[in-house]
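Could you build the full structure based on these sequences and the hints that come with them?
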Amino acid sequence: MRALLASVYLFLYAPIALVVLFSFNSGRNASEFVGFSTQWYGRALSNVFLTQALETSLIVAFTSAALAAIFGTMAALGMERLGTRVRAIFEALLAAAIVVPGVVIGIATLVALVALFGLLNPLIAAIWPFAHPPRLQLGYSSLIAAHGLFTMALVTMIVKARIAGLDRDTVEASSDLYATPFTTFRQIVFPQIRPSILAGFLLAFTFSFDDFIIAFFVAGANTTLPIYVFASIRRGVTPEINAIATMVLAASLVLIAVARFLMREKKPVKD
Amino acid sequence: MKRSMALSRNTKRKLVTAALLGPSSAWLFFFLILPFIAIIVFSVGERGPAGGYQPAFTFANYANLGARAAAFLNTLTLAPIGAALCLVIAYPVAYYLAIKVSEKHRLLLVSLMIVPFWTSMLVRTYAWMYLLGARGIPHLFELVGIENLRLINTPGAVLLGIVYGYLPLMIMPIYVSLEKLDRRLLEASADLGAKPLPTFLTVTLPLSLPGVMTGVALVTILLLGEYLIPQLLGGGKVFFIGNALVDLFLQSRNWPYGSAIAVALVAVVVVVIVVTMRIGFRVAGTRQVDLV
Chain A
7 MRALLASVYL FLYAPIALVV LFSFNSGRNA SEFVGFSTQW YGRALSNVFL
57 TQALETSLIV AFTSAALAAI FGTMAALGME RLGTRVRAIF EALLAAAIVV
107 PGVVIGIATL VALVALFGLL NPLIAAIWPF AHPPRLQLGY SSLIAAHGLF
157 TMALVTMIVK ARIAGLDRDT VEASSDLYAT PFTTFRQIVF PQIRPSILAG
207 FLLAFTFSFD DFIIAFFVAG ANTTLPIYVF ASIRRGVTPE INAIATMVLA
257 ASLVLIAVAR FLMREKKPVK D
Chain B
923 MKRSMALSRN TKRKLVTAAL LGPSSAWLFF FLILPFIAII VFSVGERGPA
973 GGYQPAFTFA NYANLGARAA AFLNTLTLAP IGAALCLVIA YPVAYYLAIK
1023 VSEKHRLLLV SLMIVPFWTS MLVRTYAWMY LLGARGIPHL FELVGIENLR
1073 LINTPGAVLL GIVYGYLPLM IMPIYVSLEK LDRRLLEASA DLGAKPLPTF
1123 LTVTLPLSLP GVMTGVALVT ILLLGEYLIP QLLGGGKVFF IGNALVDLFL
1173 QSRNWPYGSA IAVALVAVVV VVIVVTMRIG FRVAGTRQVD LV
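Sequence lines, in order, name chains A and B.
Under the numbering used here, read the first sequence as residues 7 to 277, first letter to last.
Under the numbering used here, read the second sequence as residues 923 to 1214, first letter to last.
There could be a bad hint or two in this list.
[Stated by the list, open to error] Lysine to aspartate or glutamate pairs mimicking EDC-like chemistry, simulated, CA-CA at most 20 Å apart:
1) Lys934(B) x Glu86(A)
2) Lys936(B) x Asp173(A)
3) Lys1026(B) x Glu1101(B)
4) Lys166(A) x Glu97(A)
5) Lys1022(B) x Glu1101(B)
6) Lys1022(B) x Glu1109(B)
7) Lys936(B) x Asp175(A)
None of these hints come from the bench; they were simulated from the model.
This one's a predicted model, so the numbers in the text were calculated from it and none came from an experiment.
What follows is the structure, encoded as structure tokens:
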């Protein structure tokens, strides 16, 4: 049993470890380690296409995760106040947002937005008083919209689970002591759900930062980091990709470690 | 006076609820419901002369689904096989983590098992592309005299990538269901003279089935929409529905046909969910699963 467990960890981590190791290889050859060097990191970071893709990914991940954290938390709080039937519909929609394959979300968003832009662009052109009417097109906003869908559902689920474990007595005590609902929220509810909101934000950020397939459809002329990495892989495996891959891994590992730490900080005490 | 105040409090409450749910409802409507209606509309349309979409009302796209039968066949065979392989490895691992490992080390070991799932799938699949490619494992075999070993771009490589990518997601729900198991039941079974194997078969296994069902459903559903693993490890040879969709939307630009395939894919996903939920309900009640 112990051997099985050890070999599963080896299976999970050895391939990643090799990529990390070879990102520090001074040679170009992928199958022999010549010596230690950080040259591929330098080369990757001075690549303008890469830094631009990184910037796009960071903007999209931050914006969609922030919107998801705010709207998702609001949704989790609001769902508490719904009747069972409406609540079940809302829950089903959130589950659909999580379960529908990313490839379908990407396609559906692409199709809907292209159809919408096809209707709106001539209209804008007709009423625009100046020479160059703005054209709606795929880009940051479509990326944020599509990533926000999944991540908002994710945050709602995480915060909702935390609300379920919330101590109702303190909430009642607060209102018995004449606190306004807003004061009760600010002093009692929010501090207790804050770790789960933050964890939701970090997971949402990680999801958006790592997503390839949805972005592949809705990015338009923009390139996110995973799209850039995918395109480079298709051109051939190079040590530079190993360096980029290592940086991407390191970033998500840190985010996940923090998210997991936050989520277990205050486990609901069961009696 | 009192009644009107109560009424206004009630309206106020409803307004607050609406305000809380407004943004998320709008998001779900504009970016989930509306797009889904759009692909249904597109799926009964025709391909425009320069690609894209032309309004029509025809079921030709659905009638023509058979043209991509290979993608459906690959997906519908490799996804369940992949999920089954994950299960075979995940169950003993989850069992060991939940029952045998001491409480002190458990949290760390479980974390190490799940964390890979949240790191870039692209990078993790790339790692295997690197390992299975000509300069990876086959190169090592060349050194000991075995030439022309081809690992990448085979169904086996795709299955390996699937197990690698989705194993953590299978382990998690099974672990959760085993961890919640009441140890006194196992002791009772032993006290009543049952040997470890009958105890496992009659107590542990049935009680962990909801976790197994959740894991199988999650992994199968995600695999049905998989694109990266067949693309990077299967080359052009082992094609999934996801790959057909990318081809139809981004290369050959036959959007109506692609939309019909997307609708069919969602239908398959719904069938899988309904079937597993039916079985799941029969086995035991549903169960909440931690996503991380």
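Output the indices of the hints that this structure fails to meet, ascending. 2, 7
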